[in-house]
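Novice: Once you've looked at the hints, dock chains W, V, F, C and S against the given chain L.
6 protein chains.
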Amino acid sequence: MDKNSFDLITFGEIMLRLSPPRHARIVDGDIFEKRAGGAELNVASGVALLGLRTGIVSKLPQNELGTFIKNRIRFVGVSDDYLVYDDTPDARLGLYYYEMGAAPRKPTIVYDRHQASVTRIKMSEIPEDIYHSARMFHTSGISLALCQNMQNVAVELIRRFKSAGATISFDVNYRANLWGEEEARKTIEEILPLVDVLFVSEETSRRMFKKTGDLKDIMKSYATDYGVKIVATTQRTVISPRKHNFTSIVYDARSDKFYTEAPYNDIDVIDRIGSGDAYVAGVLFGLLKYGDPEKAMQFGNATSSVKNTVPGDLPSSDFKEIDRIIHEHHSTGPVSEMNR
Amino acid sequence: MDKNSFDLITFGEIMLRLSPPRHARIVDGDIFEKRAGGAELNVASGVALLGLRTGIVSKLPQNELGTFIKNRIRFVGVSDDYLVYDDTPDARLGLYYYEMGAAPRKPTIVYDRHQASVTRIKMSEIPEDIYHSARMFHTSGISLALCQNMQNVAVELIRRFKSAGATISFDVNYRANLWGEEEARKTIEEILPLVDVLFVSEETSRRMFKKTGDLKDIMKSYATDYGVKIVATTQRTVISPRKHNFTSIVYDARSDKFYTEAPYNDIDVIDRIGSGDAYVAGVLFGLLKYGDPEKAMQFGNATSSVKNTVPGDLPSSDFKEIDRIIHEHHSTGPVSEMNR
Amino acid sequence: MDKNSFDLITFGEIMLRLSPPRHARIVDGDIFEKRAGGAELNVASGVALLGLRTGIVSKLPQNELGTFIKNRIRFVGVSDDYLVYDDTPDARLGLYYYEMGAAPRKPTIVYDRHQASVTRIKMSEIPEDIYHSARMFHTSGISLALCQNMQNVAVELIRRFKSAGATISFDVNYRANLWGEEEARKTIEEILPLVDVLFVSEETSRRMFKKTGDLKDIMKSYATDYGVKIVATTQRTVISPRKHNFTSIVYDARSDKFYTEAPYNDIDVIDRIGSGDAYVAGVLFGLLKYGDPEKAMQFGNATSSVKNTVPGDLPSSDFKEIDRIIHEHHSTGPVSEMNR
Amino acid sequence: MDKNSFDLITFGEIMLRLSPPRHARIVDGDIFEKRAGGAELNVASGVALLGLRTGIVSKLPQNELGTFIKNRIRFVGVSDDYLVYDDTPDARLGLYYYEMGAAPRKPTIVYDRHQASVTRIKMSEIPEDIYHSARMFHTSGISLALCQNMQNVAVELIRRFKSAGATISFDVNYRANLWGEEEARKTIEEILPLVDVLFVSEETSRRMFKKTGDLKDIMKSYATDYGVKIVATTQRTVISPRKHNFTSIVYDARSDKFYTEAPYNDIDVIDRIGSGDAYVAGVLFGLLKYGDPEKAMQFGNATSSVKNTVPGDLPSSDFKEIDRIIHEHHSTGPVSEMNR
Amino acid sequence: MDKNSFDLITFGEIMLRLSPPRHARIVDGDIFEKRAGGAELNVASGVALLGLRTGIVSKLPQNELGTFIKNRIRFVGVSDDYLVYDDTPDARLGLYYYEMGAAPRKPTIVYDRHQASVTRIKMSEIPEDIYHSARMFHTSGISLALCQNMQNVAVELIRRFKSAGATISFDVNYRANLWGEEEARKTIEEILPLVDVLFVSEETSRRMFKKTGDLKDIMKSYATDYGVKIVATTQRTVISPRKHNFTSIVYDARSDKFYTEAPYNDIDVIDRIGSGDAYVAGVLFGLLKYGDPEKAMQFGNATSSVKNTVPGDLPSSDFKEIDRIIHEHHSTGPVSEMNR
Amino acid sequence: MDKNSFDLITFGEIMLRLSPPRHARIVDGDIFEKRAGGAELNVASGVALLGLRTGIVSKLPQNELGTFIKNRIRFVGVSDDYLVYDDTPDARLGLYYYEMGAAPRKPTIVYDRHQASVTRIKMSEIPEDIYHSARMFHTSGISLALCQNMQNVAVELIRRFKSAGATISFDVNYRANLWGEEEARKTIEEILPLVDVLFVSEETSRRMFKKTGDLKDIMKSYATDYGVKIVATTQRTVISPRKHNFTSIVYDARSDKFYTEAPYNDIDVIDRIGSGDAYVAGVLFGLLKYGDPEKAMQFGNATSSVKNTVPGDLPSSDFKEIDRIIHEHHSTGPVSEMNR
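Residue numbers (this note's numbering), protein chains in the order written: chain L, 1 to 340; chain W, 1 to 340; chain V, 1 to 340; chain F, 1 to 340; chain C, 1 to 340; chain S, 1 to 340.
Just so you know, the hints here were simulated from the structure itself, not pulled from any lab data. No false leads were mixed into what you were given.
No distinction is drawn between identical chains; accordingly, a pair holds when it is met within one copy or between any pair of copies.
Keeping only pairs whose Cα atoms sit at most 35 Å apart, straight-line, the calculated DSBU-like set for lysine-lysine is: (1) Lys295 with Lys70; (2) Lys320 with Lys210; (3) Lys320 with Lys122; (4) Lys186 with Lys229; (5) Lys320 with Lys186; (6) Lys122 with Lys289; (7) Lys320 with Lys70; (8) Lys70 with Lys186; (9) Lys243 with Lys320; (10) Lys162 with Lys122; (11) Lys320 with Lys211; (12) Lys320 with Lys162; (13) Lys257 with Lys216; (14) Lys210 with Lys295; (15) Lys243 with Lys70; (16) Lys229 with Lys216; (17) Lys216 with Lys186; (18) Lys122 with Lys70; (19) Lys70 with Lys162; (20) Lys289 with Lys70; (21) Lys162 with Lys295; (22) Lys257 with Lys162; (23) Lys162 with Lys211; (24) Lys243 with Lys295; (25) Lys320 with Lys289; (26) Lys210 with Lys162.
Just chain L, with the same shape it has in the complex (with noise of 0.2 Å):
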């Protein structure tokens, strides 16, 4: 591969982030917290901080807001060489409005997002050469579901990268408030048979995508029926706003095993946006990096674990911190106190 291809490239929107300042509410106070987030974002920045060479394709408005989001993508790592931008007067950079939780209330998000100038992005305008320059090719079920014009652009993305070469990463990550289980799953089964590597949570396998039984029958039945050949499913506890634990299944289809681990217990819950697409990215990272399932289920569930106490949808941890956290967690003697 030669020096300037990609280890990954995703696709997504991006968003203006708006918060208030922790335990402050949206209906009071003077402040708004401004961060960049994005789901396909957060995985090509994960991915990025632990030492591999990303890119994302968005579309971003040709104005200061454009700007701002375009210089916190370099700032987590990630490549800009496939941003492209609106400068027509409907151009918007879409947004949400998200404040923390503290039991007994729960976080709360509120959308800003419709016509943002990503939903009107062209294949013409994404350059051809993209698609032998990456390894990798990662997208979720929320570009899927943004718009029609999102969505055609999605998988013809995740074609085209398929022929190419590139291994395709997808994460269904279903939500409720972007369309109906109905529509997003005959849709998802549409692509199965290009992905490779999928995320999906138990609670949609079992309701989108009507699957009972065992876990691990349900995670090996995406193998045998559309031939994906890495499954990854997350294993949340929410204890409270503030507590979790974390832990997470990986099937290797082509070795036929399951990989886990015992649960990150009492996590610091600081800011839960964008802990699943921390897991991604350190599943994706064990992959590419490693070639090595078990390592990418120790990483994902590293990466996800810190991201939750850490402010903002982006990851922060570079390779030295979670290689230390994996070691740790895995270790039974005392470990230090404090990292001097």
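Specialist: Chains W, V, F, C and S only, in chain L's frame:
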């Protein structure tokens, strides 16, 4: 009742509250967060946010501080129609400093409320039409304790609202730093025959009113002895300054029934001040809206529990939020982790 | 007029305004200051703070953002009685981003207001009793420009208030980014015969209405041609983004007199947005309170000048402050340096 | 003089100052900046920062607020040896709210200092050894005006320090909101025979002391009439709330000479409060350190000018900074733009 | 002992500490909180806040950073009499960056303290009168480890204070990032015969000093082998970065007794840095004030527990607070939830 | 030139900059704003934001601080391809503290950059392919002055880039606190024969290079004596720390012409640091993009003027903004007050 009537009018002092940012201390740092607070305002605001029309009788200095408080009162949904202003050179706004705790350090309050303008409020400043404009009147033992003039005004207001047909609600809210138990008991016993809805803690019942025996018998005795119709007693368990459990018992003398429910456990306490007033607000809302003591108890518990998770004295929950929390508290199946 | 009437009701969009902290830029930094703004809200608030009763007709999303705006509207003294709420999935709050300038860098605004809930307001949502409840109605060219539906509603409101006997105030407030000059001119010319109080800039008079010659003659022509009774034109000199001079001319057709005064010079401009609306508020207050065009001009100039010194769209001056500033502006002797 | 002596001891009230962030208003916003302030503390601190040993006599509440103030006093270099504490239930710290101005809006102060603990300070609380421990004693007309008890204590302190051989410095500092001109004049005339160094404004000389004629003759008359040795009068020109010019005249009765210098022009006023006290501090430092009225005038002008550029009542300049500013003020060649 | 003597003098480096706001990360964000810190300053401040007179020997750069640190030292109640200043071009203030943790992410420290001015402190800069001015002298292994010169100065100070009759306190405080265990052991063993009060962790006793067997026997061995009179060992259980338990054992060689108490459980850890120093401060206060090892142990445990709940290295608790916490820790009945 | 080439590569130190919030002081307060800065980074970023591809050669510590700086470098559009990392125990990031000024107080800088990792950068760490990857190379006198090793590396980079055909740009940027005039002159004279584009101030030309006579003759002499092709000299007039005028002269030796324009007057100086580097960036952009010295002068003046209005060392202007400002600077008709 005509369109301009109020569901609830309260009487009491409104103060400026100054707090160092979370975890910082009064003795250090450069910043105070400025907020409005006061038991009876907290109650009026809680009921207003849940959807009813409320107002407050109080006196503010005719200066920038008074204007700030007036603006905040309106912000939290309470009418400023019955506020009166003090333009004398002695006009002042009472204030208090509040520092949050973290185990084993307890929260700290320093009051500076002597000689506030409200202590010089006169009956003649309160318009005559007020007594027929509201379905319910509420005040607390704090108003009785602050000074002789406020006590006189409070008692007179109770009398006049009662005569005009309003329901009288009273929260004993005993504060040892304001008056002695003996003086408090004597004063309160005189107004109890006028009270329809009584909020009194178990500790106060036992220590100030010298009641003994089972809590339910104690609660019932207020109905038997003074004709109180509803008696409500909260049950808070302080696990740490940042973790409480909370529920309550409501006694309805008309049906001679007690209402309670499983406690809200492991409440993430961000700011405990005002959670007692939020309880009163929830109960009064339940009574005013539904006339149902069970719903009153449920709204009281939920509103109080949520208040603990929000910075500031004042509640910020609307009906939709509280309704959802009550529903989930009683739900046995899986609930979503987030409001999207 | 009965106790519950309003002195002024306005109609228009209310937006969320997001600004980086003073001197910081949209493309950088972690924080946006969140505020409410909108031309007609600014006017209603300015008049309310000066002591009259005002309300606003608008439509907000039925979510946390809508609640925030409603709370802020109340905070600035305006009634929320005539707000209607949008609980459809498309509900959204229009917003704009504002970055302050510093010479030679100019202030920048990025709008994101397409498809806001207010653009779908319906006449049937506005209660019939509103037309007889107010002495004056005000809206601006922005409401006409935003979309055809708002234009229809605005024109219909003007007609109905006029029929009910209210004075009609209209601020041309031409925005080239919303509509073309030709379209604006045609639309506005149709409503001018209904307008009693007209605010129009010299530039708009010359460019959009193709008026030529002396400014005073131009102003007078609105009275002659359309029967406008009061015409007001501001005169702002921009020395730098942080230093302006300001005065205005008011023409009273009934007496055929022009009123003006020496400009406020060297205004320390902290935030220029909303200072035009503050001018409108001052003039309308002067007319409503005193029926005196000279006082109207004085209140307009003072209120606008002070607004420039305050962050946010919304004015924050009460009568005492404006009265003192007018007095000192006309004073020739020494004035105190500070309000103690 | 022994190692433990002080160069200067002052007497006066120390208050908590609460200010909204720059440009924000008291009536709005969520934050107050918290600081310590008080005319005589400002003087003691200014002299201490320039390198001499100073202390202050005052009384603080024995609570967290008192501790905060004590810590800040130490922070600014002043000894807390002569502070006394009030542990009665009435203990309170005086406070004031300060909002900065921007033309044409003037700065605003709201005081809330009635009944502060310092008003109950007793001579018996001040240790006897204090009178021989300092070379100079300073207080101001504010201490005389606050209440009869403080006036008694202030006058008694002046007498005792004078008897013990200390130089007496007095700043008339007339505040119309504290007492009337007639009462002030009578009170101050009684202590003038004890005063060695007098600070009095031209306006006060003319209005309160009914002096007429040339300013220099007026200044001289305090020496002639009462035996004052040094008379200092500042000359401030307020161009706008954010732009002042400043210089002063110092009269030395011993040599019968006047000292002045070209004004500091176009001072960028960030926070004007305390700049008068900073002037006193600079002059007293010049007298204590060099015994030279010309240097006193220069240090006074420089220290006061710089104070205007710093937020808070208290000065923050050390000798190196003031020395450099004096040098550059008198320099005619090119000076560096920056201190590197 | 005369009035001007100190109860405790310490020696060590004082650093600038820079921390991102709570939960934010060093690699992101726009803000660092600036604070002063350093093991021996923390100890001196802790003892001063509890009511005794303390000072510190250290060297600071003669620039704005040095002045900031000096001001903070005074703010926290410690005398700046024995600070010396470095005005060479190489003058620098050591600093460190501290990021708080949240499970499973651990706290992180990055040091930047090489070549700080304090490493060039000379015996000749420390006044001769210091040795007879204090009842106790304290330093830690950090001072020995930083560089050869500081080690020489620290050892010489220990010798001279010992000769002058002061009690010598020493906290081993081993830091693997500063020196090796072997070098540390050799150096410390040389000074142990001079030490009266020794703070050493169980881990250090076992790993560095190669002690084995029961902890109590280990503690006792320092008395037997080197004549140490008081040996104190803390016992911290890290449940998570935000939840600790804490107690300690104090051995008194004179009475051959061990003192301990039930741990403070579920401490809400806001900032763990400096809690070990706060323990030392509490113990030394107990010894200096009461000469009672049991009280020393109680003050140490309470002061350390509370320090964990306060941001910054430096303690902020006065005697009243610690006394109340000790009392409640031993109380078995109900305690109030709040300090009013 | 191939797709991966850079338009500009620079070499120099990158520092952490710590500033108190606007108007606050280093000696007080709780907060530092954290930013990246460094003359050659500022230049690379300025050119990148205007639309060209740039990179920087530097060395950063392999820790969280290095990561922060790397992220910020990417944020401002500069490639991190040629950064090298220091993982030795001595690794450190140079830093400086910056306090803004307000007349008569000047801005203050305190440097702490000794022994930073960059001072140990080696030629062997810089990849060989770099020399043919860029059209232009830039560094400044600061890199020559920091230490002998950086001087060696800087000179060697100039030689190698020159040999590879790149244009060499050099900014004298004399800093008296880093080296003496004599040493600087000798060193710089040795590299001047290699320089194509020279930035030198009039003061440096006269004092360091001992040039006399007319400024234009002086500028020309660098072309005559050393073969420099473009010589640029800025002309800044400091009215106050917050108000500057700015223009420049550019000499083109090939055409023997001088280019200048009317100054930008009354620039609102928010943060002056980096405005000289922004000038260099504008000029280099003009040369690289258009090869036109007049456009270079115009872009230099505009970019520098705008930089003064933005907090931080780094520019933040894109092509659209600068183009608009140049256009308005030359416009004679009315210009809009705001960018909408």
